[in-house]
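Participant: The primary structure of each chain is shown beneath.
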Amino acid sequence: EPEVTQTPSHQVTQMGQEVILRCVPISNHLYFYWYRQILGQKVEFLVSFYNNEISEKSEIFDDQFSVERPDGSNFTLKIRSTKLEDSAMYFCASRTKRGGLAGDYEQYFGPGTRLTVT
Amino acid sequence: KQEVTQIPAALSVPEGENLVLNCSFTDSAIYNLQWFRQDPGKGLTSLLLIQSSQREQTSGRLNASLDKSSGRSTLYIAASQPGDSATYLCAVSSRGKLIFGQGTELSVKP
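Residue numbers (this note's numbering), protein chains in the order written: chain U, 1 to 118; chain B, 1001 to 1110.
Only chain U is shown next, with the shape it has when bound in the complex (with noise of 0.2 Å):
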């Protein structure tokens, strides 16, 4: 069965450096997410990208943060400078095209980031 799958599992950096966390969605699906869970707290969103191109982001997506899908399977959240509070677990998720009267289609995610700035 096709899955999402991510890379590190496991990231730990230093405050002020620069990281680059890596998905590769499902192949034949055309929306994809980035969201990150505070260790206790909700799960939330953070970015949604669809024809090579921002669709969507939440305010926690400030500047300090980019997406970019550099070839047709790789889909990368790239934090400039990490602080200590974007220490959490970063999921990606994909879904297929829209689907019209039927609504939007479940959303696959993958294994997660955890990503430690210390």
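It is worth saying that the hints were derived from the structure and are not from the lab.
Since we're looking at a predicted model, the values are computed, not measured.
Keep in mind that a hint or two might mislead.
Unchecked claim - Listed next, the in silico EDC-like pairs over lysine to aspartate or glutamate satisfying Cα-Cα at most 16 Å (straight line): (1) B:1001 with U:59; (2) U:78 with U:63; (3) U:83 with U:18; (4) U:42 with B:1105; (5) U:42 with B:1084; (6) B:1001 with B:1027; (7) U:78 with B:1015; (8) B:1042 with U:3; (9) B:1109 with B:1084; (10) B:1001 with U:44.
Given the coordinates of chain U, work out where chain B should sit on it, guided by the hints.
Facilitator: What follows is chain B alone, placed relative to chain U:
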């Protein structure tokens, strides 16, 4: 602004019991609702998706219902097993993005 709440926050039951997890949301203008399972330190596994036009969905021992007008969904787990122990999250789809509740931590005792 859409808010999603799950009750109870934690639940402990003996093996074999049937149980219900609750999810409520403040804005009924949703596209669909998904229930997920999350094991400690792990990712999110999708269990069921209910389209906004549907009332319920079933998968094995799981049954999820949706009442859009009252802003509620329930996840019914029949004949619970210790392997069902996990955190269960509900999320509503609003213009594509998912908005999550804080989850119900379920413990099924042998």
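Participant: Among all the numbered hints in the text so far, which are the ones the structure does not match?
Facilitator: 5, 7
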